[in-house]
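Asker: Let the hints inform the model, and build the full structure from the sequences given.
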Amino acid sequence: MVDEAVRVADALVTLNSGFESDFACGAATILARAGRKDSRARIKVNVGRFAENPWAWLEGGEALAIVGDIEAAAVAYEKAVDAAEQRDDQTEVSDVHEHVSDFLASHPDVPTTLRGPRTRVRLSRSPDGSVVVRAITSLTGSMTRVPRNATCPCGSGRKFKRCCGAG
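Okay, so the sequence shown: first residue is 2 according to my numbering, each after it adds one.
Don't read these hints as lab results, they were simulated from the structure.
Because the structure is a prediction, the values reported are computed rather than measured.
Glycine included, C-beta positions come from ideal geometry on N, C-alpha and C.
Keep in mind that the hints are not guaranteed to be accurate.
Claimed, not checked - So the derived label-pair ranges between C-beta atoms look like this:
(1) ASP110 with ALA35: 24 to 30 Å
(2) PRO112 with ALA167: 23 to 29 Å
(3) ALA12 with ARG159: 51 to 57 Å
Answerer: Take a look at the structure:
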């Protein structure tokens with residue numbers, strides 16, 4: 002039955018190129034859920050073909066988590082966040098962060114750079130030509146306690162007590 006499901010997913014790839022990555026990545030998840038060793042090879046091919054697509058990385062992360070490779074799954078989820086932020090679609094970024102937050106909640110001890118606040122700054126021009134600066138902050142998962150003298154996890158390079166821990 003698994004082989005048939007994968008054949009259907011592969012056939013759908015050829016029929017509807019608009020959803021090619023969805024069907025191709027779905028096949029990897031099917032293989033992972035069935036405990037098939039060839040799921041890793043399929044994941045590798047998919048993220049290679051669709052590296053700019055955050056959903057390919059999310060599916061890869063899910064499949065890796067299913068087969069028990071939690072650290073590799075965390076790396077895939079990190080790449081999903083990076084890919085979504087590169088595409089700069091706020092709805093997509095929010096959706097990806099939601100999936101990643103669910104993963105982090107299920108795996109609180111996995112080492113990752115995704116915990117805590119992530120801030121991006123976006124510059125744009127208003128119709129009158131002035132520069133508009135917009136900071137977008139989102140939380141992905143719970144953050145462990147940061148010692149006051151440690152470097153701030155936001156990436157500023159300052160001590161936590163002088164940055165996000167102030168006040």
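Asker: Does each hint fit the structure? Answer for all of them.
Answerer: Do the hints match the structure? See the list:
Checked against the hint of 24 to 30 Å, the pair ASP110 and ALA35 passes, with Cβ atoms roughly 27 Å apart. The given range of 23 to 29 Å is respected by PRO112 and ALA167, whose C-beta atoms sit roughly 27 Å from each other. Distance hint check: the CB atoms of ALA12 and ARG159 are about 54 Å apart, consistent with the given range 51 to 57 Å.
The structure fails none of the hints (numbered hints given earlier).
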